[in-house]
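Novice: Fit chain Z with the ligands to the supplied structure of chain A, relying on the hints for placement.
As a plain string of letters, each chain reads:
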Amino acid sequence: MTTVSLTINGDRRQVDVEDRTLLVDLLRETLGMTGTHVGCDTTQCGACTVILDGKAVKSCTILAVMAEGAELRTIEGLADGDTLHPMQQAFCDNHALQCGFCTPGMIMAAVNIIERHGTDIDESLVRRELEGNLCRCTGYHNIVKAVLDVAGKLPRASE
Amino acid sequence: MHDDGKLNEDLVARENAFGDLDENPGSDRDRKRIRGGVHTDRQHDSAIKHVTGRADYTDDIAEPAGTVHAYLGLSTRAHARITSLELEAVRAAPGVLDVLTADDIPGVNDVSPTSRNDEPVLVTDKVEFWGQPIFAVIAETRDAARRAAQLAEIAYEDLPFVLEPDEARDQDMPYVTPPLTLKRGDARDAMETAPHRIKGQMRVGGQDHMYLEGHIAFAIPGEDEDVIVHCSTQHPTEAQHMVAHVLGVASNAVTVNVRRMGGGFGGKETQMNLFCAVAAVAAKKWDRPVKIRPDRDDDMSATGKRHDFVIDYEVGFDDEGRIEAVTGEFAARCGFSSDLSGPVTDRALFHADNAYFYPHVLLNSHPMKTNTVSNTAFRGFGGPQGVIIAERIMEEIAYHRGRDALEIRKLNFYGPDGRDVTPYHQTVEDNIAPQIVAELEAQADYQARREAVLDWNERGGVIRKGIALTPVKFGISFTATWYNQAGALVHVYSDGSIHLNHGGTEMGQGLNTKVAQVVADAFQADFETIKITKTTTEKVPNTSATAASSGTDLNGMAALDACEQIKARLVAFAAEKWGVAPEAVRFLPGRVQIGDETHSFAEFIKLAYMARIHLSAAGFYKTPKIHWNRETGQGRPFYYYAYGAAVSEVSIDTLTGEYIVDRTDILHDVGKSLNPVIDRGQVEGAFIQGMGWLTTEELWWDEAGQLRTHAPSTYKIPLASDRPRIFNVDLADWSENRENTIKRSKAVGEPPFMLGISVLEALSMAVASVDDYRTCPRLDTPATPERILLAVERLQGGS
Ligand code: FES
Ligand code: FES
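Protein chains in written order, with my numbering: chain A, -13 to 145; chain Z, 5 to 803.
Where hints are given, some of them may not hold.
Unchecked claim - Derived DEER-like restraints, expressed as beta-carbon distance ranges:
| no. | chain 1 | residue 1 | chain 2 | residue 2 | range |
| --- | --- | --- | --- | --- | --- |
| 1 | A | Asp5 | Z | Arg712 | 28 to 34 Å |
| 2 | A | Gly18 | Z | Leu794 | 50 to 56 Å |
| 3 | Z | Ala66 | A | Ser(-9) | 23 to 29 Å |
What the hints assert, rightly or not - A few chain Z residues that don't get close to chain A, going by computed Cβ distances all over 10 Å:
| no. | residue |
| --- | --- |
| 4 | Asp107 |
| 5 | Ile158 |
| 6 | Gly252 |
| 7 | Gln439 |
| 8 | Ala484 |
| 9 | Glu542 |
| 10 | Asn546 |
Bear in mind the hints are in silico, worked out from the structure with no lab data behind them. Here a beta-carbon is modelled for each residue, glycine too, at the ideal position from N, C-alpha and C.
One chain only, chain A, in its complex shape:
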């Protein structure tokens, strides 16, 4: 067992973990934070995406001990009370979800796109950047729209 100290969604935490515990298991099993999903266990689907020190990473492929001292953000920390983060709101508004299983990882990846690139993004960049996040339901059409919406890149029909 090793003690890991890290900040999760702004809260400082100290957790005892086995050396081989994965970050996603720390979240889901040790801390009961089940918003981060497991789709493949092997870095290929993106369902487990979280933001670690400002970078979107797949938490199924990172050891919990590697997060020592890190600043971790998960889907649970995105909303401000009842006020959704703009990306969460855009996913709702644009019907960018069906079964919702990819959604938390997709949103964390999308939030990170905006954080890294600012709002100066276009459709092809969004589509390329989301290549690591699979969605089997939506066909990505509305997901891409949601991200562009947050960046203010979605021409509005006259409202």
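Specialist: Frame of chain A, contents of chain Z with the ligands only:
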């Protein structure tokens, strides 16, 4: 496929979605509309939970103290006798409680959904495919169980195996289920006299569901023989029956619960039964809660997929290209057991006409046993493998006659004057295919774009283009007629809040949202006053699978029936209490008007409760008009048809075989949509999934019979970057179901899947350009870049 394209205007035209959310809520006495009524864009009922991570899937349910975990040990042979099974090392591994084998099954070791008794939970002496479950480890943690499962020592005596359906036919492998013949007229005679004949073969690949949430079951033992199983199944009733069967107890001891699935697509119709059974047997044996969740590789190795087909077809036609006769032999890779292969291969035949009239036709199915995982339901349920042959035939005729395939299609559409009877003798009464196609042709500027494509290819560069417009007509109803029934349970509590339960399951398709809209509309109560609850065999028994696109059609009607029962009691109560005629009692938005008096819905319900009115009802529905005689191959298996069409334009690189989809335009028929934004989402998702099936998703077995594409690393579903650069999706807003379905809507889950065929045919045209469209390229599917390249070389070699 890569993209640098611009988002076109239609694509970005923000839907006027969720406008009704802005409407002033409250108990306004003259409100015109409720929030979330029928025919409105309403976001998915769980949307906020999804985006905040608060939606609970089975793996998110808090585990009671004492929960243990199961993990399967799988075979590593395609066909072999087990000569010894050494499990000592497994038992001795850290954290392991025990190992479950077939000997531990108290009831029947079988989970065959069609009672053919051909699908063991755990193998006894012979394995029939690579990845078949042999034992299950039960351990304190999932990790311990997973590690221990690798420690078994199994000795095999190899037996010969067969993977391909045509090979199985050649080797006289048995059928896993009785075949079907559909026949009208005399196809053989008509073929002899037809001016032109073409014979061909098409190999159509299977498809893995790749639902993002894999299989999972979580069993909690109770007193007596009871067990509760939380799982991710599309068919809770069947899981209940299977668990009871395997435990050797009555169905009333078993409760199956499903709140939501992380995708299903048919892959969780029967395939969850095994996991439910293992978890339940272990839970009862050790009297502890047991969870089982295979990893993705095991999920893809051990559970069934879409059926691969090898189809031999022949068509006779006249100079114009009008069909005179069609024959088809449909050999399917069913795997080692029957599962749903009977109805799946039946549906392939039912859709081998797609939207076209065949004056003389003879179709046979060959549901072949193979040494592969038992194939199962997948969106379209065999229908796509039928439709694709109809479209291949159109393409063949077009190349033969030197015409655009769209002209051949129009010539062969179902029509009046005796050209309206299907190969299964059902009359097509609602044919709107010609209208949909004509509208899309104009809207997508098909003719001008086709000219431009021809001009482009004329220049003879490395990049070639193709464009194709393909329609779909899809029959709605389970072909197992008794499946077309549904139940619902609606309670109105004395505070006016409503509890909704029905037999359908939510896998992302928005079923719960739509059914709640129906209930909201019935009571004229705002959507938010309705609590949607998990599907459970405790509340609505004897349900059908949420499948065949029928979820809303069936469960929406059942819920409406429940509402109507309660409303009838409320009306009778009000008429009596206020001394008015029943017609003077009206449910208006948020309120009830009785003569001149108006009460808010909640006040009114309170009064009804005080007057001892029964405020709960079980609703029921069965689809009318349908009947089917499998022996004669005649009947009316489908209540109605859903239609659609797509135009896709592609570019291929003739030096590498790589391609991109430049643009797709879709016009799809959902009748009078209950929820246009949800329906459009279904159309978009289905199209992309259909495109994946026909382009990048390749199942590949090695010489030893092991499926090697068992994870997303090697099995490629479409990515965000694979979407067409321009993607316009419209619903035919003029369409209304001519049958009396729920609010005149139509089913939407499966039909648009087949619109992906437009991509395949566009790729084919691009390939055909290299020998000046003289040869139908006859692409097998999936048309991977390798296949495209090989086809280009084949056609260049021939010119
Ligand atoms: S679960 Fe981590 S990428 Fe799939
Ligand atoms: S919404 Fe189901 S996988 Fe994306």
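Novice: For each hint, tell me whether it holds in the structure or not.
Specialist: Against the structure, the hints:
At roughly 32 Å, the beta carbons of Asp5(A) and Arg712(Z) sit within the given window of 28 to 34 Å. Judged by the Cβ atoms, the range 50 to 56 Å given for Gly18(A) and Leu794(Z) holds: they are separated by roughly 52 Å. The hint said 23 to 29 Å for the Cβ distance between Ala66(Z) and Ser(-9)(A), and at roughly 26 Å that hint holds. With a closest Cβ-Cβ approach of about 30 Å to chain A, Asp107(Z) is found to remain outside the 10 Å limit, as its non-interface label requires.
With 10 Å as the threshold on Cβ separation, the claim that Ile158(Z) sits away from chain A holds: the shortest Cβ distance comes to roughly 24 Å. For Gly252(Z), the non-interface assignment is confirmed: its Cβ lies about 34 Å from the closest Cβ of chain A, beyond the 10 Å cut-off. The Cβ of Gln439(Z) lies farther than 10 Å from every Cβ of chain A, with a closest approach of about 25 Å, so its non-interface assignment holds. Every CB of chain A is more than 10 Å from the CB of Ala484(Z) (nearest about 26 Å), matching its label as outside the interface.
The non-interface label for Glu542(Z) is consistent with chain A: the shortest C-beta to C-beta separation is roughly 24 Å, beyond 10 Å. Under the 10 Å C-beta cut-off, the non-interface status given to Asn546(Z) relative to chain A holds; the minimum distance is some 26 Å.
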